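Add chain B to chain A, keeping to what the hints say.
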Amino acid sequence: MTRLNLFLLALAVVCALSLVTSRHQARKLFVELEHEQGQARGYDVEYGQLQLEQSTWAAPGRIEKIAREQLRMQLPGPGRIQVIDGRPR
Amino acid sequence: MRREPSRRPGVQPGLPRLRAALVFGGLLVLLALLLARSIYLQSIDRAFLQEQGSSRYSRDLEIPAHRGRILDRFGEPLAISTPVKAIWAWPDKVEASPQELKALAATLELDPAALTTKLHQGDDFVYLRKAIAPEVAAQIAALNIKGIHDDDEYRRYYPSGEVLSHVLGFTGDRDVGLEGIELAQQGWLGGAPGSRRVIINRRGEVVEDVASIRAPQEGRDLALAIDSRLQYIAFRELKAAVEANKAKGGGLVMLDTRTGEILALANWPSYNPNNRTRVTRERVRNRALTDSFEPGSTLKPFTIATALESGRLRPNSVIETAPGTLTIGNATIHDAHREGALTVEQVIQKSSNVGAAKIALSLPPQAMWATFSGAGFGTPPRTGFPGEVSGRLRPAKSWRPIEQATMAYGHGISVNLVQLARAYTVFANDGELKPVTLFKAAGPVAGRPVLKPETARAVRHMLEMVVGPGGTAPKAQVIGYRVAGKTGTAHKLEGGSYVNRYVSSFVGFAPASSPRLLIAVMIDEPSGAQYYGGSVAAPCFSSVMGSALRLLGVPPDAPNANVIVPPDEGEVREET
Chain A
0 MTRLNLFLLA
10 LAVVCALSLV
20 TSRHQARKLF
30 VELEHEQGQA
40 RGYDVEYGQL
50 QLEQSTWAAP
60 GRIEKIAREQ
70 LRMQLPGPGR
80 IQVIDGRPR
Chain B
0 MRREPSRRPG
10 VQPGLPRLRA
20 ALVFGGLLVL
30 LALLLARSIY
40 LQSIDRAFLQ
50 EQGSSRYSRD
60 LEIPAHRGRI
70 LDRFGEPLAI
80 STPVKAIWAW
90 PDKVEASPQE
100 LKALAATLEL
110 DPAALTTKLH
120 QGDDFVYLRK
130 AIAPEVAAQI
140 AALNIKGIHD
150 DDEYRRYYPS
160 GEVLSHVLGF
170 TGDRDVGLEG
180 IELAQQGWLG
190 GAPGSRRVII
200 NRRGEVVEDV
210 ASIRAPQEGR
220 DLALAIDSRL
230 QYIAFRELKA
240 AVEANKAKGG
250 GLVMLDTRTG
260 EILALANWPS
270 YNPNNRTRVT
280 RERVRNRALT
290 DSFEPGSTLK
300 PFTIATALES
310 GRLRPNSVIE
320 TAPGTLTIGN
330 ATIHDAHREG
340 ALTVEQVIQK
350 SSNVGAAKIA
360 LSLPPQAMWA
370 TFSGAGFGTP
380 PRTGFPGEVS
390 GRLRPAKSWR
400 PIEQATMAYG
410 HGISVNLVQL
420 ARAYTVFAND
430 GELKPVTLFK
440 AAGPVAGRPV
450 LKPETARAVR
460 HMLEMVVGPG
470 GTAPKAQVIG
480 YRVAGKTGTA
490 HKLEGGSYVN
500 RYVSSFVGFA
510 PASSPRLLIA
520 VMIDEPSGAQ
530 YYGGSVAAPC
540 FSSVMGSALR
550 LLGVPPDAPN
560 ANVIVPPDEG
570 EVREET
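Quick note, the sequences are listed as chains A and B, same order. Read in numbering that gives the first Met the number 0, the first sequence has 49 at position 50, and its numbers run on one by one without any break. Read in numbering that gives the first Met the number 0, the second sequence has 399 at position 400, and its numbers run on one by one without any break.
Derived from the structure by calculation, the hints contain no laboratory data. Some hints could be false.
[As the list claims (entries may be wrong)] Keeping only pairs whose Cα atoms sit at most 25 Å apart, straight-line, the calculated DMTMM-like set for lysine to aspartate or glutamate is:
{"id": "1", "chain 1": "B", "residue 1": "Lys117", "chain 2": "B", "residue 2": "Glu152"}
{"id": "2", "chain 1": "B", "residue 1": "Lys247", "chain 2": "B", "residue 2": "Glu308"}
{"id": "3", "chain 1": "B", "residue 1": "Lys491", "chain 2": "B", "residue 2": "Glu453"}
{"id": "4", "chain 1": "B", "residue 1": "Lys129", "chain 2": "B", "residue 2": "Asp151"}
{"id": "5", "chain 1": "B", "residue 1": "Lys439", "chain 2": "B", "residue 2": "Glu94"}
{"id": "6", "chain 1": "B", "residue 1": "Lys129", "chain 2": "B", "residue 2": "Asp208"}
{"id": "7", "chain 1": "B", "residue 1": "Lys245", "chain 2": "B", "residue 2": "Asp290"}
{"id": "8", "chain 1": "A", "residue 1": "Lys27", "chain 2": "B", "residue 2": "Glu61"}
{"id": "9", "chain 1": "A", "residue 1": "Lys27", "chain 2": "B", "residue 2": "Glu204"}
{"id": "10", "chain 1": "B", "residue 1": "Lys101", "chain 2": "B", "residue 2": "Glu75"}
{"id": "11", "chain 1": "A", "residue 1": "Lys64", "chain 2": "A", "residue 2": "Glu52"}
{"id": "12", "chain 1": "A", "residue 1": "Lys27", "chain 2": "B", "residue 2": "Glu207"}
{"id": "13", "chain 1": "A", "residue 1": "Lys64", "chain 2": "B", "residue 2": "Glu75"}
{"id": "14", "chain 1": "A", "residue 1": "Lys27", "chain 2": "B", "residue 2": "Asp208"}
{"id": "15", "chain 1": "B", "residue 1": "Lys129", "chain 2": "A", "residue 2": "Glu63"}
{"id": "16", "chain 1": "B", "residue 1": "Lys349", "chain 2": "B", "residue 2": "Glu319"}
{"id": "17", "chain 1": "B", "residue 1": "Lys349", "chain 2": "B", "residue 2": "Glu308"}
{"id": "18", "chain 1": "B", "residue 1": "Lys129", "chain 2": "A", "residue 2": "Asp43"}
{"id": "19", "chain 1": "B", "residue 1": "Lys238", "chain 2": "A", "residue 2": "Glu68"}
{"id": "20", "chain 1": "A", "residue 1": "Lys27", "chain 2": "B", "residue 2": "Glu217"}
{"id": "21", "chain 1": "B", "residue 1": "Lys349", "chain 2": "B", "residue 2": "Glu338"}
{"id": "22", "chain 1": "B", "residue 1": "Lys491", "chain 2": "B", "residue 2": "Glu242"}
{"id": "23", "chain 1": "B", "residue 1": "Lys238", "chain 2": "A", "residue 2": "Glu63"}
{"id": "24", "chain 1": "A", "residue 1": "Lys64", "chain 2": "B", "residue 2": "Glu242"}
{"id": "25", "chain 1": "B", "residue 1": "Lys247", "chain 2": "B", "residue 2": "Glu217"}
{"id": "26", "chain 1": "B", "residue 1": "Lys129", "chain 2": "A", "residue 2": "Glu45"}
{"id": "27", "chain 1": "B", "residue 1": "Lys245", "chain 2": "B", "residue 2": "Glu61"}
[Claimed, not checked] DEER-style ranges, computed between Cβ atoms:
{"id": "28", "chain 1": "A", "residue 1": "Ala57", "chain 2": "B", "residue 2": "Gly339", "range": "52 to 60 Å"}
{"id": "29", "chain 1": "A", "residue 1": "Ala57", "chain 2": "B", "residue 2": "Gln529", "range": "52 to 60 Å"}
{"id": "30", "chain 1": "B", "residue 1": "Ala210", "chain 2": "A", "residue 2": "Glu52", "range": "52 to 60 Å"}
{"id": "31", "chain 1": "B", "residue 1": "His490", "chain 2": "A", "residue 2": "Asp43", "range": "52 to 60 Å"}
{"id": "32", "chain 1": "B", "residue 1": "Glu204", "chain 2": "A", "residue 2": "Ala66", "range": "46 to 54 Å"}
{"id": "33", "chain 1": "B", "residue 1": "Asp91", "chain 2": "A", "residue 2": "Ala57", "range": "43 to 51 Å"}
{"id": "34", "chain 1": "A", "residue 1": "Tyr42", "chain 2": "B", "residue 2": "Arg196", "range": "20 to 28 Å"}
{"id": "35", "chain 1": "A", "residue 1": "Arg61", "chain 2": "B", "residue 2": "Gly467", "range": "51 to 59 Å"}
{"id": "36", "chain 1": "B", "residue 1": "Ala210", "chain 2": "A", "residue 2": "Asp43", "range": "20 to 28 Å"}
{"id": "37", "chain 1": "A", "residue 1": "Asp43", "chain 2": "B", "residue 2": "Ala130", "range": "15 to 23 Å"}
{"id": "38", "chain 1": "A", "residue 1": "Ala25", "chain 2": "B", "residue 2": "His119", "range": "45 to 53 Å"}
{"id": "39", "chain 1": "B", "residue 1": "Glu204", "chain 2": "A", "residue 2": "Val12", "range": "49 to 57 Å"}
{"id": "40", "chain 1": "A", "residue 1": "Tyr42", "chain 2": "B", "residue 2": "Arg173", "range": "50 to 58 Å"}
Quick caveat: nothing in here was measured; it's all calculated off a predicted structure. Even for Gly, the Cβ is constructed at its ideal location relative to N, Cα and C.
Okay, chain A solo, but in the shape it has when bound:
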């Protein structure tokens, strides 16, 4: 009888300790999850800012200005355009 009780006591102690550890583990993992989620939000924000930056750099007005002024490009006149009919016949 005493041995059984001792055995059960030991079992209870082991259970209690494992509960403590798993609880601790869970919290540690949760902290990590929070951290990652925070980072994901940060990346989301950064993505938005990069998109903004990209569309600012790629604004048609800016591209046109660079094409005209730096690269000295110009629209071809109608006489210099040749149309190739690629439609199936």
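Coordinates of chain B only, in the frame set by chain A:
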């Protein structure tokens, strides 16, 4: 001598009765005190204690939700919200040395005097500066001044700037839409921040999620029908046209004739939505939708269409317009150029007021009204834009003959530019009116039949003649494409009478053989050498249309010498 300890009989060993009772009573009192205290703590003081307790380990955190983006038809961002910081202060709690205040003013880019005034207003709470970059906010936090705090907020950025400002509108405090699409679609775009309760440890890290109080609702993205490349071309050319003609303003609408989607909508003057410090209400209005004007000759095709529908006239019927004036009652209608006998086609081509008026007077008012109303005049365009006007089309019963005659060439009726563009989809789509929309259409859009297809095609042919030799708008031609369109030059109405200031317009579509794009241009009060629609609005139409067709890769339908046809596949044969 030894004495025995006295042992009195009858007396129990132990404490005296009184003492025992006292001790027992004392313990009982203490117990009662403890009980009372615990009852007090458990029931009366409970709320306070609970709060104090939970404040040491639990927090309610806000879950931010950002406003949805606005995208163009290809997913290019047109409006994006990004987090920024707002700096605020409790003025009576601010403890700062003069040097610290100076540093703060410099970092905030504020005048030190202005900062001091703000801090002495005596309010409980004052914003020092809103919408500053997170890096600047970090510098301010590093100054570590008591009573100065920062808050997260969102700021909306518009990469397209003034090019698309009238369509998009803008947001105000807390990123809530105030104008344009931002206002109209607040419910769709706007996000609602959520809230959750968490447990934190002594380092302030969140260790457990206890409960979600309110789930956040993220703002949804919104795709517009706008093509940002076409929008830029439209804006650039419109601005150039307004400036070249020293005009007060102008508007341009480009529609996809097959779906009724608004591919571009530009207004000039414009404003930069990213910096609205000196923007008047006047500049913010989207005139193409919220202002109406008398369209002038651009309405003649609808008069002619009514006549063709009724069967009274054929495109080659002859109308006598000499001597260039027509008197009805005590009013006289003039033609700008005196013409003689004109066919119905030529009435459109030369834009004869007398011809159009004569044709109108031969028609029942009800029939004209039906065509005008069917083409969408007098009903708002329903693009999904807030504050659009419906223009004015009076019921046919109230038309006097002179009014019927002037309405034939677009006076006594008012429209907005988008309505005018929408009405012309009737001619571009073989008689079907397409509903116009600012939002990307998911599939094919059903139109509403207004005219017989033959009538629409006949008018389309007349509209092509307008752009050809002898027409009013040869400057609307686009090399390589067949163009159909109509000019308008209308006197402005001021205080009930017509003045010598004009609204010049051109509405047209191309390629005429199978229309793809429709553009309506309106120039308000050109005050240069020219004011006719054919010289003011038509060149702008031509340059926008030409660039847009090339950009979209629409095959040319007016063959010229520059077309190279690939050689017949005679030599190369694939194995079969």
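Here is what the structure says about each hint:
1. B:Lys117 / B:Glu152: holds, 21 Å
2. B:Lys247 / B:Glu308: violated, 39 Å
3. B:Lys491 / B:Glu453: violated, 35 Å
4. B:Lys129 / B:Asp151: holds, 10 Å
5. B:Lys439 / B:Glu94: Violated. Lys439 (chain B) to Glu94 (chain B) sits at ~55 Å, over the 25 Å cutoff.
6. B:Lys129 / B:Asp208: Not OK: Lys129 (chain B) and Asp208 (chain B) at ~32 Å, beyond 25 Å, violated.
7. B:Lys245 / B:Asp290: holds, 20 Å
8. A:Lys27 / B:Glu61: holds, 22 Å
9. A:Lys27 / B:Glu204: holds, 10 Å
10. B:Lys101 / B:Glu75: violated, 42 Å
11. A:Lys64 / A:Glu52: Since the Cα atoms of Lys64 (chain A) and Glu52 (chain A) sit roughly 18 Å apart, the hinted pair holds (cutoff 25 Å).
12. A:Lys27 / B:Glu207: Given pair Lys27 (chain A), Glu207 (chain B) holds - Cα atoms ~10 Å apart, limit 25 Å.
13. A:Lys64 / B:Glu75: Given pair Lys64 (chain A), Glu75 (chain B) holds - Cα atoms ~20 Å apart, limit 25 Å.
14. A:Lys27 / B:Asp208: holds, 13 Å
15. B:Lys129 / A:Glu63: violated, 34 Å
16. B:Lys349 / B:Glu319: The given pair, whose Cα atoms are some 13 Å apart, holds under the 25 Å limit.
17. B:Lys349 / B:Glu308: Since the Cα atoms of Lys349 (chain B) and Glu308 (chain B) sit roughly 21 Å apart, the hinted pair holds (cutoff 25 Å).
18. B:Lys129 / A:Asp43: holds, 22 Å
19. B:Lys238 / A:Glu68: holds, 20 Å
20. A:Lys27 / B:Glu217: violated, 28 Å
21. B:Lys349 / B:Glu338: holds, 9 Å
22. B:Lys491 / B:Glu242: Answer holds: Lys491 (chain B) to Glu242 (chain B) is near 20 Å, not above 25 Å.
23. B:Lys238 / A:Glu63: holds, 16 Å
24. A:Lys64 / B:Glu242: Cα-Cα ~19 Å, so holds.
25. B:Lys247 / B:Glu217: Violated, at roughly 42 Å.
26. B:Lys129 / A:Glu45: holds, 20 Å
27. B:Lys245 / B:Glu61: violated, 53 Å
28. A:Ala57 / B:Gly339: 52 to 60 Å: holds, 57 Å
29. A:Ala57 / B:Gln529: 52 to 60 Å: Once the Cβ atoms are compared, 37 Å apart, the range 52 to 60 Å for Gln529 (chain B) and Ala57 (chain A) is violated.
30. B:Ala210 / A:Glu52: 52 to 60 Å: violated, 39 Å
31. B:His490 / A:Asp43: 52 to 60 Å: holds, 56 Å
32. B:Glu204 / A:Ala66: 46 to 54 Å: holds, 52 Å
33. B:Asp91 / A:Ala57: 43 to 51 Å: Cβ of Asp91 (chain B) to Cβ of Ala57 (chain A): about 49 Å, so the range 43 to 51 Å holds.
34. A:Tyr42 / B:Arg196: 20 to 28 Å: holds, 26 Å
35. A:Arg61 / B:Gly467: 51 to 59 Å: violated, 38 Å
36. B:Ala210 / A:Asp43: 20 to 28 Å: Check passed, 24 Å falls within 20 to 28 Å.
37. A:Asp43 / B:Ala130: 15 to 23 Å: 19 Å Cβ-Cβ, so the 15 to 23 Å window holds.
38. A:Ala25 / B:His119: 45 to 53 Å: Holds: the Cβ-Cβ distance is about 52 Å, inside 45 to 53 Å.
39. B:Glu204 / A:Val12: 49 to 57 Å: violated, 29 Å
40. A:Tyr42 / B:Arg173: 50 to 58 Å: violated, 24 Å
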